Amino acid sequence: MINRNKLFSLGITAAAISLTLIGCKPKGLESVTTSGAAEKVYVAPGKHDEFYNFVSGGFNGQVSVYGIPSGRLLRIIPVFSVFPESGYGYSEQSKAMLNTSHGFVPWDDQHHIALSVTNGEHDGRWVFGNANNTPRLARIDLKTFRTTEIIELPNSAGNHSSPFITENSEYVVAGTRFSVPIGDNRDVPISSYKKNFKGTVSFVSVEPTSGKMKIAFQIETPGVNFDLARAGKGPSHGWFFFSCYNTEQAYTLLEVNASQRDKDFIMAVNWKKAEEYVKAGKGKKVKNVKYAHNFIDEKTDAATSEILNEVLMLDPTELKDMVYFIPCPKSPHGCDTDPSGEYIVGSGKLAALIPVFSFTKIQNAIANKEFEGDFGGIPVIKYESALYGEVKKPGLGPLHTEFDANGNAYTSFFVSSEVVKWNVKSLQVLDRVPTYYSVGHLSVPGGPTKKPHGKYLIAYNKITKDRYLPTGPELAQSAQLYDISGDKMQLLLDFPTVGEPHYAEAIPATLVEPNSTKFYKLEENKSPFVSLGEGKTKVERKGNRVDVYMTAIRSHLTPDNIEGVRLGDDVYFHITNLEQDWDIPHGFAVKGAANAELLIMPGETQTLYWKPTEVGIYPFYCTDFCSALHQEMQGYIRISPAGSNLPLTFSTGKIVEEKESGK
Amino acid sequence: MAVLICALSLLTAYFVPLWQILMWAPQYPEGLAMKIWINDLSGDVKIISALNHYIGMRAIDTSMFPEFKYLIYLVAIIIGVGVLAFLINRRWSLLAFLAILVMAGFGALLDFYLWGYDYGHNLNPEAPIRVPGMSYQPPLLGSKQLLNFLAFSGPDIGGWIFIIASWIIFFVAVFEIFFKKKLV
Amino acid sequence: MKKILLPIAVAAISLFSCAPDKSKVVEELPTHQDAKESGPEANQADVTKGIGAIKEVKLTHPLDQERVTRGTAIYEMKCQACHKLDDQRLVGPGWKDVTKRRQPEWIMNMILNVDVMLDKDEEAQKLLELCLTRMPNQNVSIGDARDILEFMRKNDGEK
Chain A
1 MINRNKLFSL GITAAAISLT LIGCKPKGLE SVTTSGAAEK VYVAPGKHDE FYNFVSGGFN
61 GQVSVYGIPS GRLLRIIPVF SVFPESGYGY SEQSKAMLNT SHGFVPWDDQ HHIALSVTNG
121 EHDGRWVFGN ANNTPRLARI DLKTFRTTEI IELPNSAGNH SSPFITENSE YVVAGTRFSV
181 PIGDNRDVPI SSYKKNFKGT VSFVSVEPTS GKMKIAFQIE TPGVNFDLAR AGKGPSHGWF
241 FFSCYNTEQA YTLLEVNASQ RDKDFIMAVN WKKAEEYVKA GKGKKVKNVK YAHNFIDEKT
301 DAATSEILNE VLMLDPTELK DMVYFIPCPK SPHGCDTDPS GEYIVGSGKL AALIPVFSFT
361 KIQNAIANKE FEGDFGGIPV IKYESALYGE VKKPGLGPLH TEFDANGNAY TSFFVSSEVV
421 KWNVKSLQVL DRVPTYYSVG HLSVPGGPTK KPHGKYLIAY NKITKDRYLP TGPELAQSAQ
481 LYDISGDKMQ LLLDFPTVGE PHYAEAIPAT LVEPNSTKFY KLEENKSPFV SLGEGKTKVE
541 RKGNRVDVYM TAIRSHLTPD NIEGVRLGDD VYFHITNLEQ DWDIPHGFAV KGAANAELLI
601 MPGETQTLYW KPTEVGIYPF YCTDFCSALH QEMQGYIRIS PAGSNLPLTF STGKIVEEKE
661 SGK
Chain B
1 MAVLICALSL LTAYFVPLWQ ILMWAPQYPE GLAMKIWIND LSGDVKIISA LNHYIGMRAI
61 DTSMFPEFKY LIYLVAIIIG VGVLAFLINR RWSLLAFLAI LVMAGFGALL DFYLWGYDYG
121 HNLNPEAPIR VPGMSYQPPL LGSKQLLNFL AFSGPDIGGW IFIIASWIIF FVAVFEIFFK
181 KKLV
Chain C
1 MKKILLPIAV AAISLFSCAP DKSKVVEELP THQDAKESGP EANQADVTKG IGAIKEVKLT
61 HPLDQERVTR GTAIYEMKCQ ACHKLDDQRL VGPGWKDVTK RRQPEWIMNM ILNVDVMLDK
121 DEEAQKLLEL CLTRMPNQNV SIGDARDILE FMRKNDGEK
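Chains as they are written, first to last, in this note's numbering: chain A, 1 to 663; chain B, 1 to 184; chain C, 1 to 159.
Hints were generated in silico from the structure; no laboratory data involved.
These numbers come from a predicted model, not from an experiment.
There's no promise every hint is true.
[Stated by the list, open to error] Cross-link-like lysine to aspartate or glutamate pairs, in silico, EDC-like; alpha carbons within 16 angstroms at most:
no., chain 1, residue 1, chain 2, residue 2
1, A, LYS465, B, GLU30
2, A, LYS263, B, GLU126
3, A, LYS591, A, GLU614
Please construct the entire structure, taking both the sequences and the accompanying hints into account.
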């Protein structure tokens with residue numbers, strides 16, 4: 001019996017050991033939302049969201065607008081990429097917006113946005129956006145939510161460190177991601193990086209009332225990669241901080257070769273000092289540049305493009321006390337100033353700690369010349385002399401930091417896929433929440449301003465995987481909304497986003513909503529191609545060019561019968577929408593058009609170019625369901641062979657007996 | 001008879017994975033798996049290798065493990081010994097087979113540990129991510145947090161068959177020793 | 001000219017002050033609203049004058065030629081697409097003799113307050129049934145509407 005018991009207990013032990021082995025196999029991670037989350041994001045039908053969220057579109061080149069807290073997509077604003085649905089980049093009025101020194105560029109990579117500020121607070125006037133590929137800056141007018149200006153950046157090879165903005169929107173900056181040879185001799189070996197490659201940061205001034213942009217000056221730097229930037233504010237107003245990596249000056253396999261140094265830099269620029277040098281005429285006029293400046297002409301509502309050939313360059317190795325480097329661990333990415341303006345948070349994307357620098361200490365270090373040497377002739381401040389403190393063991397792969405109004409910072413961690421809340425003064429980690437998955441940028445309403453509105457935090461994730469119903473290999477990007485009003489961050493909502501959002505800003509709706517344009521006034525339409533009334537419609541021929549001056553109103557186009565156009569003609573349809581009421585756009589499409597359609601807002605004139613390819617009758621019609629008789633809103637244009645003698649005629653509502661029309 | 005079945009059951013080792021390493025990270029909710037076979041590796045080996053390169057671990061490749069070349073013979077020998085033990089049909093032969101099984105098991109674990117130690121500590125000094133003092137040795141058995149990854153190591157089907165077979169042999173031996181004073 | 005503008009302005013202000021929320025319009029009787037809050041002119045609640053800010057228009061004789069000129073331009077820009085000047089219907093009715101069929105107040109209310117008119121005013125609704133297209137709000141000012149009225153009078157042969 002004893003033996004049997006022994007055997008039995010042995011069996012139990014064996015089973016137990018096996019079960020333990022199975023039991024210690026962990027389960028996958030699960031996301032948790034707490035109760036009450038639904039109520040917090042529910043915006044009842046017909047009600048409006050509390051915040052506008054302006055979100056960069058990444059590789060779609062556009063800016064999208066979401067409502068927060070609902071996460072509803074309100075609009076996609078075309079900026080750097082063509083947008084056939086509205087005709088942006090295709091219509092004769094908008095084509096010039098995408099002009100560059102390389103000619104017409106139909107796409108770009110839109111990474112960051114900056115909302116205009118006054119006294120360090122959102123003023124709801126403009127949104128600025130950068131183009132990372134063909135370096136450009138855009139300005140969107142928040143009255144119309146339209147891109148009204150784009151300026152190209154010379155001596156730049158990828159505008160990543162942009163469009164961050166100073167306290168009163170004096171300047172929007174643009175730091176090049178890629179250093180390249182600039183100046184006269186650009187045909188050099190790639191391996192001569194250290195000698196020949198230069199970085200630049202541009203300070204683009206913003207005219208206070210019109211918003212018009214101009215490159216005020218550029219600063220030439222040693223060849224590095226500029227990543228992100230933030231302006232100082234309050235006490236640090238007048239300074240700008242740029243994170244830079246690849247201080248190894250590698251030109252190949254950067255993954256390894258640009259990750260060797262323990263510390264790269266944050267570059268501190270005293271732009272007030274730079275202004276003094278500019279005023280004193282210390283800048284060098286660089287003439288061998290070429291860059292486009294495109295803007296909507298207020299009179300004609302059409303984009304015009306000018307090519308500029310001069311830029312003012314400041315050399316910090318000659319002009320002292322303007323630029324300093326501050327060591328920052330491991331390829332810093334985010335470089336964020338807190339609402340007080342005293343603290344600058346660097347986020348080394350390969351670091352296991354977050355350094356926080358003190359503006360006061362930086363100033364003291366400069367005054368006391370606490371330098372550890374120089375980099376490319378620019379003084380490097382001692383790390384300890386600039387450092388306020390380090391957040392220890394915050395997570396893996398810190399990227400970006402936003403702030404609330406209570407002295408807390410929120411840092412995104414790509415590798416450990418989480419958001420960590422910590423106190424700026426005490427440097428203590430307060431809370432952490434997972435994100436789904438691998439968060440990039442964060443947005444807290446007013447987070448980069450002097451007065452954050454707080455309340456919510458939005459995480460823009462880089463990996464989506466199983467968060468939504470699968471849609472094949474390509475998935476929408478995923479964003480998550482957190483409630484940050486309490487001590488603990490609370491996950492409220494997942495919402496898919498278009499393109500690939502990088503940085504985003506959120507602003508109270510009350511600062512934007514009241515100024516939103518409802519329609520364009522016909523009386524103020526000064527387009528040279530406007531038809532102010534059906535009586536003013538006409539079709540004109542000048543050689544091979546045929547101009548159709550057409551009107552659209554519910555529910556007909558005038559003229560809707562056009563004859564006498566010949567193969568080989570270049571046809572321009574100038575459509576004026578005669579409506580004067582909110583949300584009554586008309587569309588215009590013609591068969592075989594090789595470009596796109598037009599969406600014409602009430603009171604506006606848009607032009608579509610069309611080259612007929614065959615003899616025959618081509619229909620055109622309104623594409624925007626405008627009224628009960630929208631399907632009747634159509635017309636015909638007759639294309640006769642080249643050399644036809646058929647006179648140019650046009651009409652609407654004219655009915656001809658068949659005998660007469662038979663010819 | 002049980003001895004023969006056990007010995008022959010080890011033949012399955014040629015057809016099923018023996019060991020598994022599973023990994024989870026926030027951005028890998030579905031998990032990553034690496035299966036160790038008698039002469040091969042399968043699963044998300046490429047993905048794991050790609051991730052490991054950030055921290056300077058070598059890429060995992062079947063050709064790097066000489067074990068895969070002789071393991072098939074080793075297991076064959078073990079099976080042969082089992083069959084022989086059955087044929088000889090003596091207590092000493094049974095005990096010898098058990099001893100070989102247990103030694104093979106611990107030998108495999110030791111080998112696995114040494115490889116894991118080598119992989120986790122021999123890091124490329126030029127790796128993009130270098131966390132001072134951090135090594136990435138996978139757990140020998142059970143789970144362990146390695147940076148953002150939770151890693152688990154444990155037997156797979158073949159391993160379980162091996163373990164169960166060992167236990168049965170063990171019980172047979174116990175049975176032989178305690179219940180039958182004489183040989184069958 | 002000033003004589004006309006004053007009552008229009010008064011009416012406009014009074015209506016403005018009691019202007020109901022857009023969504024509430026459906027639920028409240030505008031005549032009731034007018035009678036209660038809009039002063040002496042509104043008390044008449046003359047259905048032939050339509051519904052809206054315009055309670056009384058003082059016509060001038062002869063026609064104000066400046067208004068006619070401006071009215072013509074507005075007609076061409078904002079009205080001509082749908083309204084012919086003869087008695088033929090295009091999208092909306094032809095304008096011939098409109099000033100003889102309708103009170104001037106009704107015409108101006110129809111121009112200025114078309115959404116409410118189409119929802120409430122019987123005569124306007126009859127026209128909608130006939131034309132099957134809702135007249136759009138073309139966002140003209142009160143002064144512009146008065147100019148259009150002057151142009152209509154001229155079109156109807158007044159001097």
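A quick look at each hint next to the structure:
1. A:LYS465 / B:GLU30: holds, 9 angstroms
2. A:LYS263 / B:GLU126: At roughly 14 angstroms apart (the allowed maximum being 16 angstroms), GLU126 (chain B) and LYS263 (chain A) satisfy the hint.
3. A:LYS591 / A:GLU614: holds, 11 angstroms
Checked against the numbered hints listed earlier, the structure breaks none of them; every hint is satisfied.
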